[in-house]
Amino acid sequence: MIKPVILCTLLTTSVFAQATPPPPAPPRPINWPAISESKLDNGLTVVLVPLHNVPKITAVLSLLAGRGTAYKTQPGVAQLAGRVANEGTSTRTSLQIKQELRSIGGSLTVGVDNDATTLSASSLSDSAPKLLDIISDVARHPAYPKSEVVLAKTNFAQEIEEERSSPDFLAQEQLDKALFGGHPYGFTVPAPAAIRNVTRDSLKTFAATYYVPNNAALVIVGDFNVATMRAEVAKAFGSWKRVALPPAPKLVLPVRDKRQIYVIDRPGSVQSTILIGAPAPPRRSPDYIPLRTTNMIYGGAFYSRLTRNIRESKGYTYSPFSTADLRRAAGTFTAGASVRNEVTGPTILEMLYELDRMRVEPVTAEELQSAKTYSIGGMELELESQSSLASRISTIYVDELSRDFLQTFRDKVAALTPADVQRSASKYFDTYRSAIVVVGDYKQIKDQIAPFGDVKLVK
Amino acid sequence: MKNVRLWLAVSLFAAAHAHAAAVNVPVVYDKMPNGLKVVISEAHAAPTVTVAVYYGIGFRVEPKGQTGFAHLFEHMMFQGSEHVKKFEHAKIVEANGGNLNGSTRLDYTNYYETLPAEGLETALWLEADRMRSLDVSADNLKNQQNVVSEEVRANVLNQPYGAFEWLDLWQNANQNWFNAHNFYGDLHDIDAAKIDDVRTFFKTYYAPNNAVLTIVGDVDPAAVRKLVDKYFASIPQQSIPKRPDVGEPLQTKEKRINQTDKLANLPALAFGYHLPDQQSADYAAAVLLDFILQGDDSSRFYQRLVKEKQTSIDWGGGINYELGNEFDYDGPMLMVSRTTYKPGHTADEILHEVDAIVSDLQQHGPTAREVADAKVRFRSSFYDSLETTGGKANLLASFALFRDDPSQINKVLPIFDAVTAAQIQSAAQKYFGASNRTSIDRVPAAKEAK
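Protein sequence lines correspond, in order, to chains Z and G.
With the first letter of the first sequence counted as 1, position 272 gets the number 302 in the working numbering; the numbers rise by one all the way through.
With the first letter of the second sequence counted as 1, position 126 gets the number 221 in the working numbering; the numbers rise by one all the way through.
Just so you know, these hints were derived from the structure itself, not from any lab.
In this text, a Cβ means the ideal position worked out from N, Cα and C, and glycines have one as well.
Keep in mind that the hints are not guaranteed to be accurate.
[To be verified] Taking CB as the label site, the calculated pair distances span:
#1 K325(G) - P297(Z): 24 to 32 Å
#2 R387(Z) - K404(G): 51 to 59 Å
#3 D231(Z) - R464(G): 31 to 39 Å
[Claimed, not checked] Partial chain G-side listing against chain Z, Cβ under 10 Å, derived:
#4 L215
#5 S394
#6 K437
Work out the full structure, taking the sequences as your base and the hints as a guide.
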């Protein structure tokens with residue numbers, strides 16, 4: 031029954047179907063949105079980017095206080111300070127903040143990552159003044175109500191407990207610890223006992239120290255008029271007082287001298303979660319764009335070498351990936367995959383092989399051309415969404431990139447050669463000094479991991 | 096106090112008088128002689144285009160005895176067609192600067208790419224080639240059976256809670272097999288699929304007269320329409336089997352399920368209520384009620400359980416939760432809530448509070464402010480779903496596929512703006528009683544063994 035049907039389909043197609051893809055239309059110049067930057071007298075950097083796609087605005091206030099700030103003396107203080115800032119100001123209760131936000135179709139979340147405490151907010155564009163007023167209030171006048179501090183401490187501890195059941199969380203935490211050691215980037219979450227030691231006063235002091243205009247950039251993207259928005263920003267943030275920042279601590283990145291494997295035993299695990307990581311430069315480095323493109327060829331795209339190998343050829347895994355996560359002070363290059371227990375060793379072998387192959391042989395011209403188009407196209411696609419564009423532009427300020435980052439991006443990518451890619455791989459795909467983290471059922475995978483180097487069992 | 100009051104008054108005024116911009120998405124719609132529905136919508140805010148094909152086959156109606164087959168098949172659509180070799184679809188899209196994916200949902204399976212707009216014709220050619228001619232081998236199938244098994248392990252079997260808030264909840268809340276089977280698939284069933292099953296499924300469901308082609312972006316609709324003719328007009332239609340009855344009998348008694356979890360450290364609770372039909376008069380009220388109950392941190396469930404009683408550490412949920420939005424499905428639906436709660440507390444405590452909150456709404460209805468804010472929030476989230484070409488394509492394709500009228504995208508907001516407090520109260524009475532609810536209490540296994 032089935033065969034004649036298929037034949038019939040093929041006959042039809044041979045008459046009508048075009049056998050090769052139509053050549054793409056020539057690329058058009060990219061009209062990057064106009065970015066107007068200014069600085070208030072108090073030192074706040076203000077960046078306004080109109081994008082008239084929907085009647086909303088998105089505002090991102092980045093305060094340069096990452097989760098590792100002050101973590102040696104008070105682990106968790108940055109995360110709790112950010113979290114509880116959103117739970118009450120000197121004039122608004124937690125509930126009032128949330129109710130006012132919902133009445134303008136708005137939201138405000140506070141996230142604390144490696145480099146910054148970030149207030150990300152959005153609302154209907156006709157309520158922009160109200161949204162700015164709330165953001166300003168939360169950043170400038172967090173009250174840290176006692177009951178909110180107590181609740182946040184309890185819940186933060188519980189959430190960490192919950193996260194510890196996720197193999198991906200455990201793997202990432204261990205990798206950061208391995209690559210950054212005592213550097214603030216090596217800190218992910220505090221121990222439960224440390225959370226108990228964080229006091230309301232320490233949160234207030236933290237906010238007073240770091241939530242200051244001369245330590246911040248405000249990026250607003252959306253449906254607005256620049257002159258009007260500039261006046262609204264001045265109204266909401268103009269009276270924020272500048273405060274001298276504490277001197278930045280001298281930070282040292284650990285030097286890696288050999289490959290080290292870290293295993294976190296997870297009895298009963300039906301997969302091994304594997305990460306292979308190595309240190310990478312800060313994002314402002316000239317190595318960023320070559321490494322970003324090199325990553326796309328290795329594992330940062332769907333049609334990448336890693337996916338073709340361990341997914342489409344061997345069927346070991348569903349979502350292999352690699353990322354070049356470059357931050358303000360340093361970065362990481364990470365490759366990862368979750369695989370069934372019995373192919374743990376073979377997967378590590380292929381991941382390392384593909385890394386080494388990029389160091390030993392130049393990539394093909396076709397691969398590089400694809401990676402370039404993909405890289406540039408991906409940047410254009412970010413123009414569709416207010417939050418994507420706001421995040422992208424925020425990295426210019428948080429990571430201290432050159433102000434013409436977007437405008438020069440295409441040319442810099444287009445100029446890359448196979449030799450540039452090989453140089454980037456040689457420098458940053460250093461498998462001989464990489465950290466390999468495996469979260470899985472150690473009894474079942476022990477013998478598969480041993481051949482790759484020194485194994486440390488981590489608690 | 097006075098100051099606070101004043102603030103509230105001001106904010107209500109602003110919301111009530113806010114100028115509500117009407118949604119006016121341009122829609123060009125027609126049906127080709129082979130039955131393919133074509134939706135084109137120009138959008139010039141970004142230099143991009145999304146090409147999406149939605150097939151009217153989701154995991155809800157996949158063949159009995161072959162759980163997970165609709166999703167496994169989705170993977171096969173990247174394994175090659177007459178002129179596009181295995182995985183080259185991804186190669187070509189990315190070489191044109193685009194992103195791509197496919198996904199299997201309750202009532203459709205979609206394939207889409209978003210690219211710089213100059214890649215439009217290439218994307219149409221790619222989608223036409225695989226609509227016309229799937230060309231896959233037994234080896235390709237074996238490979239993707241392995242990949243999908245790893246996907247199930249990564250997202251279900253090796254994760255704490257195992258996605259119980261949609262997989263297990265749907266299986267327990269529903270009685271009709273089509274709504275109550277394992278949508279991701281049992282590993283055994285995934286492994287049992289044969290290449291002939293794949294070919295038959297393609298032939299049966301992947302026909303132009305069971306699909307919507309949607310193009311949204313920085314394009315000229317007339318030029319697009321010509322290209323669509325060029326690539327899709329000659330694909331023959333097929334006879335599509337009648338859709339099975341997915342109707343769900345009325346639930347009359349509360350269902351409580353207990354599960355243990357070997358991987359979780361904390362207990363969690365998920366529960367769902369059967370909702371009225373999406374095209375019924377009650378639906379918009381039920382959606383707004385969802386916003387009032389659990390739309391954000393100001394909502395009733397969050398405030399009571401996380402802030403006041405401090406039983407839960409988080410609160411999530413919604414309609415078509417984890418699977419889509421309020422409009423991209425066609426059949427029985429649940430409003431789902433999911434919370435991780437603190438050891439020492441119980442699911443009983445949480446459900447008791449939930450019932451008290453619902454009971455208050457059943458007796459007194461929502462406040463005027465809650466109603467006004469729910470509408471503003473709905474409007475704002477609806478704008479979010481229109482922001483990207485992919486989000487817009489999803490709504491247009493769903494309205495074309497399920498209602499044969501993509502222009503309904505422009506008619507949603509007035510329906511929601513017209514909902515009254517009394518209608519929301521009535522929805523609370525009709526649909527949010529405990530007898531219409533199924534809950535799963537999932538607790539760490541080790542704890543139970545002690």
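Status of each hint after checking the structure:
no. : hint                          : result
1   : K325(G) - P297(Z): 24 to 32 Å : violated, 58 Å
2   : R387(Z) - K404(G): 51 to 59 Å : holds, 57 Å
3   : D231(Z) - R464(G): 31 to 39 Å : holds, 36 Å
4   : L215                          : holds, 8 Å
5   : S394                          : holds, 8 Å
6   : K437                          : holds, 6 Å
Checked against the numbered hints given earlier, the structure breaks only hint 1 and satisfies all the rest.
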